[in-house]
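As a plain string of letters, each chain reads:
There are 2 protein chains.
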Amino acid sequence: MTATATEVSVITAEELLKHWQGHRGLTRKVIEAFPENQLFTFSVGGMRPFSELAWEFIGMAVPVVDGVATGKWVEFDKAKKPATKEELLSLWDQQTTQLNEKFSKIPPHRFSETDKAFGQWEGSGIKTIQYAIDNEIHHRGQGYVYLRALGIEPPHFWER
Amino acid sequence: MTATATEVSVITAEELLKHWQGHRGLTRKVIEAFPENQLFTFSVGGMRPFSELAWEFIGMAVPVVDGVATGKWVEFDKAKKPATKEELLSLWDQQTTQLNEKFSKIPPHRFSETDKAFGQWEGSGIKTIQYAIDNEIHHRGQGYVYLRALGIEPPHFWER
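Quick note, the sequences are listed as chains R and A, same order. The numbers in this note's numbering rise by one with no breaks, and the one at position 154 of the first sequence is 154. The numbers in this note's numbering rise by one with no breaks, and the one at position 151 of the second sequence is 151.
One chain only, chain R, in its complex shape (with noise of 0.2 Å):
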């Protein structure tokens, strides 16, 4: 049984779509906690401010998704970069509601294809969504410092 019990099926598309929605939301709360001008503003030790953080993972999400599920990789449009948390917000939850349209049409045999996303990165498509939740994940804990270091409680963690 130990030998086949490492090919179980541990996530389904389903499954894991919901994982980054779950993920999305929390992330959504971290973006509502700043002020407005400490959003696009501050940071610790060089980095990025939170607003250029959530842009990247913007620039992920559903241009990923496109990108799994056609082979065509195009990067999100630039002229869209939201100036204020209320268009961060309202671009966020667009691609909330384009994530589960699009994810839901991924081809199946496009989650094991090997493709080059993006022209650069090369891997399989799950491998590639993993990594746009993983990187959404690791730079939201950045978040997490960036408030606290505001003196700001952030949202809990488990709170999906």
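Hints listed in this document are in silico derivations from the structure and should not be mistaken for laboratory results. You may find that some hints are simply not true.
Where chains are identical, the list cannot tell them apart; a pair therefore holds if satisfied intra-copy or between any two copies.
What the hints assert, rightly or not - With a Cα cut of at most 20 Å, we get these calculated EDC-like pairs of lysine to aspartate or glutamate: (1) LYS127 / GLU14; (2) LYS29 / GLU86; (3) LYS18 / GLU7; (4) LYS85 / GLU56; (5) LYS102 / ASP77; (6) LYS116 / GLU159; (7) LYS78 / GLU113; (8) LYS102 / GLU7; (9) LYS105 / GLU153; (10) LYS18 / GLU122; (11) LYS116 / GLU32.
Keeping the supplied structure of chain R fixed, place chain A upon it in accordance with the hints.
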């Protein structure tokens, strides 16, 4: 096709273990990047030093896999808490070996079975394992801020 596409397996047990060990390898590099003293003392915004965060990861990794595998939730031995970077890395490496051995022996049905981790957190085995991985990514991201604040270049996020 779109109706069933959501039920497709995207990650197997073996792939998840490899993914986790990749992350653990990166966390090991972050531990190594801290000067001995700062590892145990430095933080930003009143948060815990990185040694405490690494100790939290150690308290979750093998105990979580043991719990998912057996249904017995035993907290990590507090008497083993490392006092030096060398001890911390040594314990880390022991867990790397143990995880490889123990993870592959998780009975397949335990990934989807609901249990109460450490008598407190209810969820399926896979959810508890994902929580341990995500928690490590989250707090390690905070370690990146500590390193930057110390003027130290952290390892690349994609190096696993």
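Evaluated hints:
1. LYS127 / GLU14: both (16 Å within a copy, 14 Å between copies)
2. LYS29 / GLU86: within (13 Å within a copy, 38 Å between copies)
3. LYS18 / GLU7: Classified as between: cross-chain Cα gap 12 Å, same-chain 22 Å, threshold 20 Å.
4. LYS85 / GLU56: within (15 Å within a copy, 34 Å between copies)
5. LYS102 / ASP77: Classified as within; 18 Å inside a copy, 46 Å across copies.
6. LYS116 / GLU159: Answer is between: at 17 Å across copies they meet the 20 Å cutoff, but 34 Å inside does not.
7. LYS78 / GLU113: neither (28 Å within a copy, 44 Å between copies)
8. LYS102 / GLU7: Between. Shortest inter-copy distance 15 Å satisfies the 20 Å Cα cut-off; intra-copy 27 Å does not.
9. LYS105 / GLU153: So LYS105 and GLU153 fail the 20 Å test inside a copy (38 Å) and across (40 Å) alike.
10. LYS18 / GLU122: between (25 Å within a copy, 17 Å between copies)
11. LYS116 / GLU32: neither (34 Å within a copy, 32 Å between copies)
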